[in-house]
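One-letter residues, chain by chain:
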Amino acid sequence: MIGGKSMNRQWAWLSSLVLFLAGCATTGRESGASLEAASPITDPPARDGAPTLFIAMPSSPNFVEVRKSLVAEVQKNFNIHTFAVGPETTAAELSSAIQAVSPVCVVLMNNVTMNLYRQYQMASPSATMPPAVLLMASFIEEVQAKLRRATGIAYEVPGVTAFVQLRTVISARVNRVGVVYRPAFRQLVDRQKALAAKEHVELVPVSVPNDVTAEGLRTALHNLAKRKKVDAVWMLNDNALVRNAEFVNDAWRTEMNDARLPLIVGVPNLVDPNSPLGTLAVVPDHEALGLQAANLLFDLSDNNWQVEGHPVELPLSVKTVVDLKLVRANFGLRPDALKHIDRALE
Amino acid sequence: MANLTTRRRHLPQPIAWLLVGLGLVYPYQPLPRATAQGAKPVVHVFLHLDAKSSVVEKMLQQSLPDLGVIVFGRFRDFEEGLTNGHPDAVLSIAPVLQQHGKTASLQGQRGGKSTEPYLLASVNQPLQGSLAGKTIGFVDLLGHDGTQAFLNGLLKTTDIKVKRVAKVEDLLPLLEFSAADGVVLPSSMLARLLERTRLAIKTRELPGGQVGLSAVAVLNPAVRDVVVRSFQKLDTPTKRLLGIDAWSVQ
Chain A
1 MIGGKSMNRQ WAWLSSLVLF LAGCATTGRE SGASLEAASP ITDPPARDGA PTLFIAMPSS
61 PNFVEVRKSL VAEVQKNFNI HTFAVGPETT AAELSSAIQA VSPVCVVLMN NVTMNLYRQY
121 QMASPSATMP PAVLLMASFI EEVQAKLRRA TGIAYEVPGV TAFVQLRTVI SARVNRVGVV
181 YRPAFRQLVD RQKALAAKEH VELVPVSVPN DVTAEGLRTA LHNLAKRKKV DAVWMLNDNA
241 LVRNAEFVND AWRTEMNDAR LPLIVGVPNL VDPNSPLGTL AVVPDHEALG LQAANLLFDL
301 SDNNWQVEGH PVELPLSVKT VVDLKLVRAN FGLRPDALKH IDRALE
Chain B
1001 MANLTTRRRH LPQPIAWLLV GLGLVYPYQP LPRATAQGAK PVVHVFLHLD AKSSVVEKML
1061 QQSLPDLGVI VFGRFRDFEE GLTNGHPDAV LSIAPVLQQH GKTASLQGQR GGKSTEPYLL
1121 ASVNQPLQGS LAGKTIGFVD LLGHDGTQAF LNGLLKTTDI KVKRVAKVED LLPLLEFSAA
1181 DGVVLPSSML ARLLERTRLA IKTRELPGGQ VGLSAVAVLN PAVRDVVVRS FQKLDTPTKR
1241 LLGIDAWSVQ
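For the protein sequence lines, the chains are A and B, in the order given. To convert, note that position 220 of the first sequence is 220 in this note's numbering; the numbers rise steadily by one, no gaps. Basically this note's numbering = 1-based index in the second sequence + 1000.
Don't take each hint at face value.
[As the list claims (entries may be wrong)] Below, a list of computed lysine-lysine pairs in the DSS-like style, where the Cα atoms sit at most 27 Å apart:
1. B:Lys1167 <-> A:Lys193
2. B:Lys1102 <-> B:Lys1167
3. B:Lys1167 <-> B:Lys1156
4. A:Lys325 <-> A:Lys339
5. B:Lys1239 <-> B:Lys1040
6. A:Lys198 <-> B:Lys1161
7. A:Lys339 <-> A:Lys198
8. B:Lys1161 <-> B:Lys1202
9. A:Lys76 <-> B:Lys1102
10. B:Lys1202 <-> A:Lys198
11. A:Lys193 <-> B:Lys1058
12. B:Lys1113 <-> B:Lys1040
13. A:Lys229 <-> A:Lys198
14. A:Lys198 <-> B:Lys1134
15. B:Lys1161 <-> A:Lys76
16. A:Lys339 <-> B:Lys1161
17. B:Lys1239 <-> A:Lys339
18. B:Lys1167 <-> A:Lys76
19. B:Lys1167 <-> A:Lys68
20. B:Lys1058 <-> A:Lys325
21. A:Lys68 <-> B:Lys1161
22. A:Lys339 <-> B:Lys1058
23. A:Lys229 <-> A:Lys146
24. A:Lys76 <-> B:Lys1134
25. B:Lys1233 <-> B:Lys1156
26. B:Lys1134 <-> A:Lys339
27. B:Lys1202 <-> B:Lys1058
28. B:Lys1040 <-> B:Lys1058
29. A:Lys198 <-> B:Lys1167
30. B:Lys1058 <-> B:Lys1102
31. A:Lys339 <-> B:Lys1233
32. A:Lys193 <-> A:Lys146
[Claimed, not checked] Derived DEER-like restraints, expressed as beta-carbon distance ranges:
33. B:Glu1205 <-> A:Glu141: 46 to 56 Å
34. B:Leu1190 <-> A:Asn257: 39 to 49 Å
35. A:Ala100 <-> B:Gly1133: 37 to 47 Å
36. A:Glu141 <-> B:Lys1113: 46 to 56 Å
37. B:Leu1190 <-> A:Gln306: 32 to 42 Å
38. A:Asn303 <-> B:Glu1080: 47 to 57 Å
39. B:Pro1065 <-> A:Glu202: 44 to 54 Å
40. B:Gly1208 <-> A:Gln306: 23 to 33 Å
Keep in mind the hints are simulated off the structure, nothing from the lab. The model shown is predicted, which means the values in this text are computed figures rather than measured ones. Glycine residues also receive a C-beta, built at the ideal position from the N, C-alpha and C atoms.
Taking the hints into account, I'd like the entire structure generated from these sequences.
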């Protein structure tokens, strides 16, 4: 029996990591392009005279869902040309595809696609580039700075959104939220601190080195729980902090079990009543992200495609997964909370 | 595409998780739409309420046993359903019914009124004076052009930039992120907004701001009686969820 459970966990972790690599996590790693689509992508029939929107993206389901929602919104105004980016795609192939359709704007999904586009821009330093809208990639603000004529929508769910969601689910107070971060995440954490303050939530950050050990992470979490007296902990989508099942057990599970604090996570796999860890997962709502991207495109179109100075937007919409068993046992379930949860597990 | 929960009944959990990880099964894919059983008249519902669509659907299905109820959370899905699903009746608010050329057979009422004021909410101080050039958030009830026209009418100006969001709860991030100067919402949704946030929300009523409450349009005259009778028998909690306390036959 024990062996079976252990095997289950290994499988679950394998899938968890694959999910991270598929682009759900803020890892800085580039992937997602290698996954095959569940169904072929078909563009709506082109109409004479309509401007063309060029969408370059991997063909895995999350990207397909965003595209579907985006295309449904904009297809009356634009012709759509979709270019599937895979592991073999080169910058030259991407640039010739763009040049072939002369788009009024390009939409680029995931870091791999953006890297190819950057190579294209660097190879053509004097060419006029179409405006670019960046979606579903890590640290889009930093990517934007490296591209000409680009804006977009960040993929990381803002902490404040997650904290407000937690407040609507549990009765326990959520005034101080702790977060452990590595140096690469410092700017992100600083921005989250200011946003959280708007909702009267104090974000309490503790930094750890890049090569943090399980013991180091446990100490940081212990510090947040016992010394800094936080009301909840927010786990960043950083693969180095959730590198494998053993690491998570040794660091997160050990310390959070002891601390008995709500843990907010960014991937649904970490919310599982059979193996309690995350209390609440807050993940991007991909269909709504497509609508937000459509809004952005209409906005840019109305402004003659002036993307310069257009800041990267924050994602507006999320979905929630809650471990009800954990909530009921430790933090209290707010009346009416069930009406507002996307997936309640127990 | 299959729903994870459904799959997990048939597959060992590790395999199911692996499928999720590989993107072969996507846990957030909406459930396949319920289809009406037997000869039940089908009602399509499109309302933005203080509850997830799945919760509203379950509640209405339980309260309307003689009808097949399908609740849509997104405008595009609703439009597609209306075009391809051929419902027998539609439950929505007046502007949505009007945009699709439908006439209400049953009009919801609250406190004896069939309309409610819509409010313009903003942070720290109410948005007074001209709204020209302002960015205003609103739930996507009527699509890109329809929502713009609807808000132009409510706000009595054509010089606003509209940011549509997918759900009522997404209006709050617009204010938190200063992504909009204000958001428009039904007065019945204000309490929920205030409950969720610690921002200092200020409101003002809109000049053209009375909007019809939930209403039922019967599209298939052959089933009018059963549809009307079923909705008239709705219990109080369900009517409250719909934002009404009574129906009037039109």
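Now for the hints, and whether the structure bears them out:
no.: 1; hint: B:Lys1167 <-> A:Lys193; result: holds, 25 Å
no.: 2; hint: B:Lys1102 <-> B:Lys1167; result: holds, 24 Å
no.: 3; hint: B:Lys1167 <-> B:Lys1156; result: holds, 24 Å
no.: 4; hint: A:Lys325 <-> A:Lys339; result: holds, 16 Å
no.: 5; hint: B:Lys1239 <-> B:Lys1040; result: holds, 21 Å
no.: 6; hint: A:Lys198 <-> B:Lys1161; result: holds, 24 Å
no.: 7; hint: A:Lys339 <-> A:Lys198; result: holds, 25 Å
no.: 8; hint: B:Lys1161 <-> B:Lys1202; result: holds, 20 Å
no.: 9; hint: A:Lys76 <-> B:Lys1102; result: holds, 23 Å
no.: 10; hint: B:Lys1202 <-> A:Lys198; result: holds, 15 Å
no.: 11; hint: A:Lys193 <-> B:Lys1058; result: violated, 39 Å
no.: 12; hint: B:Lys1113 <-> B:Lys1040; result: violated, 31 Å
no.: 13; hint: A:Lys229 <-> A:Lys198; result: holds, 20 Å
no.: 14; hint: A:Lys198 <-> B:Lys1134; result: holds, 21 Å
no.: 15; hint: B:Lys1161 <-> A:Lys76; result: holds, 19 Å
no.: 16; hint: A:Lys339 <-> B:Lys1161; result: violated, 31 Å
no.: 17; hint: B:Lys1239 <-> A:Lys339; result: holds, 15 Å
no.: 18; hint: B:Lys1167 <-> A:Lys76; result: holds, 23 Å
no.: 19; hint: B:Lys1167 <-> A:Lys68; result: holds, 18 Å
no.: 20; hint: B:Lys1058 <-> A:Lys325; result: holds, 22 Å
no.: 21; hint: A:Lys68 <-> B:Lys1161; result: holds, 24 Å
no.: 22; hint: A:Lys339 <-> B:Lys1058; result: holds, 11 Å
no.: 23; hint: A:Lys229 <-> A:Lys146; result: violated, 40 Å
no.: 24; hint: A:Lys76 <-> B:Lys1134; result: holds, 25 Å
no.: 25; hint: B:Lys1233 <-> B:Lys1156; result: violated, 38 Å
no.: 26; hint: B:Lys1134 <-> A:Lys339; result: violated, 33 Å
no.: 27; hint: B:Lys1202 <-> B:Lys1058; result: violated, 34 Å
no.: 28; hint: B:Lys1040 <-> B:Lys1058; result: holds, 16 Å
no.: 29; hint: A:Lys198 <-> B:Lys1167; result: holds, 21 Å
no.: 30; hint: B:Lys1058 <-> B:Lys1102; result: holds, 25 Å
no.: 31; hint: A:Lys339 <-> B:Lys1233; result: holds, 23 Å
no.: 32; hint: A:Lys193 <-> A:Lys146; result: holds, 25 Å
no.: 33; hint: B:Glu1205 <-> A:Glu141: 46 to 56 Å; result: violated, 38 Å
no.: 34; hint: B:Leu1190 <-> A:Asn257: 39 to 49 Å; result: holds, 40 Å
no.: 35; hint: A:Ala100 <-> B:Gly1133: 37 to 47 Å; result: holds, 39 Å
no.: 36; hint: A:Glu141 <-> B:Lys1113: 46 to 56 Å; result: holds, 48 Å
no.: 37; hint: B:Leu1190 <-> A:Gln306: 32 to 42 Å; result: holds, 36 Å
no.: 38; hint: A:Asn303 <-> B:Glu1080: 47 to 57 Å; result: violated, 30 Å
no.: 39; hint: B:Pro1065 <-> A:Glu202: 44 to 54 Å; result: holds, 50 Å
no.: 40; hint: B:Gly1208 <-> A:Gln306: 23 to 33 Å; result: holds, 32 Å
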